[in-house]
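Number of protein chains: 4
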Amino acid sequence: MVHTKMLDAYPKDLGQIDKQKLAECIAACFECAQACTACADACLAEDMVAELTTCIRTNLDCSDICVATGNMLSRRTGYDADVTRAFLEACAAACEACGDECESHGSMHAHCRICAEACRRCEEACRDLLASLG
Amino acid sequence: MVHTKMLDAYPKDLGQIDKQKLAECIAACFECAQACTACADACLAEDMVAELTTCIRTNLDCSDICVATGNMLSRRTGYDADVTRAFLEACAAACEACGDECESHGSMHAHCRICAEACRRCEEACRDLLASLG
Amino acid sequence: MVHTKMLDAYPKDLGQIDKQKLAECIAACFECAQACTACADACLAEDMVAELTTCIRTNLDCSDICVATGNMLSRRTGYDADVTRAFLEACAAACEACGDECESHGSMHAHCRICAEACRRCEEACRDLLASLG
Amino acid sequence: MVHTKMLDAYPKDLGQIDKQKLAECIAACFECAQACTACADACLAEDMVAELTTCIRTNLDCSDICVATGNMLSRRTGYDADVTRAFLEACAAACEACGDECESHGSMHAHCRICAEACRRCEEACRDLLASLG
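Residue numbers (the numbering used here), protein chains in the order written: chain A, 1 to 134; chain B, 135 to 268; chain C, 269 to 402; chain D, 403 to 536.
Keep in mind that the hints were calculated from the coordinates and are not lab data. Glycine included, every Cβ here is placed at the ideal spot set by N, Cα and C. Hints should not be assumed to be uniformly reliable.
DSSO-like mimics (lysine-lysine), calculated; alpha carbons at most 27 Å apart, straight line [what the hints assert, rightly or not]:
id, chain 1, residue 1, chain 2, residue 2
1, A, K21, D, K423
2, A, K5, D, K414
3, A, K5, D, K423
Calculated from the model, a selection of chain C residues having no Cβ within reach of chain B, i.e. all distances over 12 Å [said to hold, decoys possible]:
id, residue
4, Q284
5, D286
6, E299
7, T321
8, T322
9, E371
10, R395
11, D396
12, L398
13, A399
14, S400
The shape of chain A in the complex, shown without the other chains (with noise of 0.2 Å):
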């Protein structure tokens, strides 16, 4: 995967963070970055839309910070570590409202019950990371 390739090919060293952990958590970010765009456009896309408006607004909430906080770990220059559990709060707190909201109506739609399942594998990776950063 490139993400770990980049890792592996950073020029100093990375630091006391766990890499698989960070590795794992930048792929599950843009993984869910791209779900969450995915799936706020097949809501737009169901004709039950209007019920559909709460789980739209969760969704671009998440893709944004997904991508803020992807980048964010993709950097490994001048680490404030503040900052970077600040974005994975905040990350981990849009995941987990996207996936409660995509999974309360999963069964009825496939788009929200994939994208779920990326936000609460995001989630996850977030607090993971969180936790080993001590």
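With chain A held as given, fit chains B, C and D onto it using these hints.
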């Protein structure tokens, strides 16, 4: 200003949020995002770029979270207080880190001085809005 | 305005670009990005959201490309005329599509009317800057 | 892969688009976005960062347009062929510029070599999808 007009044009009730503080925070987020992108680039153009790499990285994180937060705040449908708070905390943390970093060499670089001011305004706007959320 | 101050603070020569048109285009991109994000969300809050799904999608594309273009234009180091032109063409195309779409129901929705104006300004700013690039 | 599952779960007809090429292009955009963000940061960590400023700038442009294009392609509602083409042209141009720049010092920096490959894949995926649009 367009962002204020858009809040006024929102077709449903905006809820209990302080509209003035919300509008100021949206404006500050987009202003800070642009300033941070430009400051990272201006740092790249300095002869002493090797001493500005932490500043560049901090700028990039701050720009990303400011866009994500400005977008999130611009959405009023399906409001989620927990997600809102987590984004605002992350944005304030990134603005604080970037403001501190830019300020530390603001006497040498006008772009860092201007960017530090934008970061301070955005951090304050985020914290003011956070405080008003109760 | 901060974006103008940042251009003035750029430590090297800005090259042959028309600084006034550049500054206007950067401002228009970030203004339009915010307006499109807010318009997508206001459409979600309309009772007739099912008739506004194309508008929402067009808004989201336009917001994304406006941020990307506003960021790209804010960078002056390592200028590439071909890349600059291609972004501006894409941004103008998205603004034209979104302006047309929003205008078509501007008489019913104030947010679409305001957003259409922001799209027209941004499209014009992109085309003016494109023309000045020679 | 989640992006392919999301295309399969889209509730309406995807239209005449080549689903395989579309899926490859979405994946390539998000992969390239991450690689470019990481490469910009790895360049910042090189002792010779002063010689890599054009590379960093090109990486940042490429990352931004790849996210915008990956998001746009993930949306299938209200499809607009002209907007799609303009984004793909801009993304291909940025990937070509970044691929050329990174390749030019790929022998010295593994992160540039890996990033150049991601840019080539994404440029090719954009051009293949463009060609298939007719």
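Check your understanding: Per the stated criterion, does the least C-beta distance between C:T322 and chain B lie above 12 Å, as a non-interface residue requires?
Key -> 18 Å, holds
Check your understanding: Any Cβ of chain B at or closer than 12 Å to C:D396, or is the non-interface label fine?
Key -> Per Cβ check, C:D396 is outside 12 Å of chain B; nearest 19 Å; holds.
Check your understanding: Is the nearest CB of chain B more than 12 Å from the CB of C:Q284?
Key -> 16 Å, holds
**Study point:** Minimum Cβ distance from C:E371 to chain B greater than 12 Å, as the annotation requires
**Key:** Holds, because the least Cβ-Cβ distance between C:E371 and chain B comes to about 15 Å, which exceeds 12 Å.
**Study point:** Hint consistency between A:K5 and D:K414 [alpha-carbon to alpha-carbon, up to 27 Å]
**Key:** Violated. A:K5 to D:K414 sits at ~37 Å, over the 27 Å cutoff.
Practice item. Decide, holds or violated, for the assertion that all CB atoms of chain B are farther than 12 Å from the CB of C:E299. Key: For C:E299, whose nearest Cβ neighbour in chain B is about 5 Å away, the distance does not exceed 12 Å, so it is violated.
Practice item. Compare the distance between the alpha carbons of A:K5 and D:K423 with 27 Å, and conclude whether the hinted pair is satisfied. Key: Holds: A:K5 and D:K423 sit about 25 Å apart, inside 27 Å.
Check your understanding: Does C:D286 sit more than 12 Å from chain B, CB to CB?
Key -> 17 Å, holds
Practice item. Hey, is C:S400 genuinely clear of chain B, shortest beta carbon separation above 12 Å? Key: 20 Å, holds
Point to revise | Restraint status (C-alpha distance of A:K21 to D:K423 at most 27 Å) | key: The given pair, whose Cα atoms are some 31 Å apart, is violated under the 27 Å limit.
Check your understanding: Is it correct that the beta-carbon of C:A399 has no partner in chain B closer than or equal to 12 Å?
Key -> Given a closest Cβ separation of 23 Å, the condition holds.
Review point. Taking 12 Å as the cut and beta carbons as the points, is C:R395 off the interface with chain B?
Key: Correct as stated: the minimum Cβ-Cβ distance to chain B is 20 Å, above 12 Å.
Violation of the numbered hints given earlier is confined to hints 1, 2 and 6; the remaining hints are satisfied by the structure.
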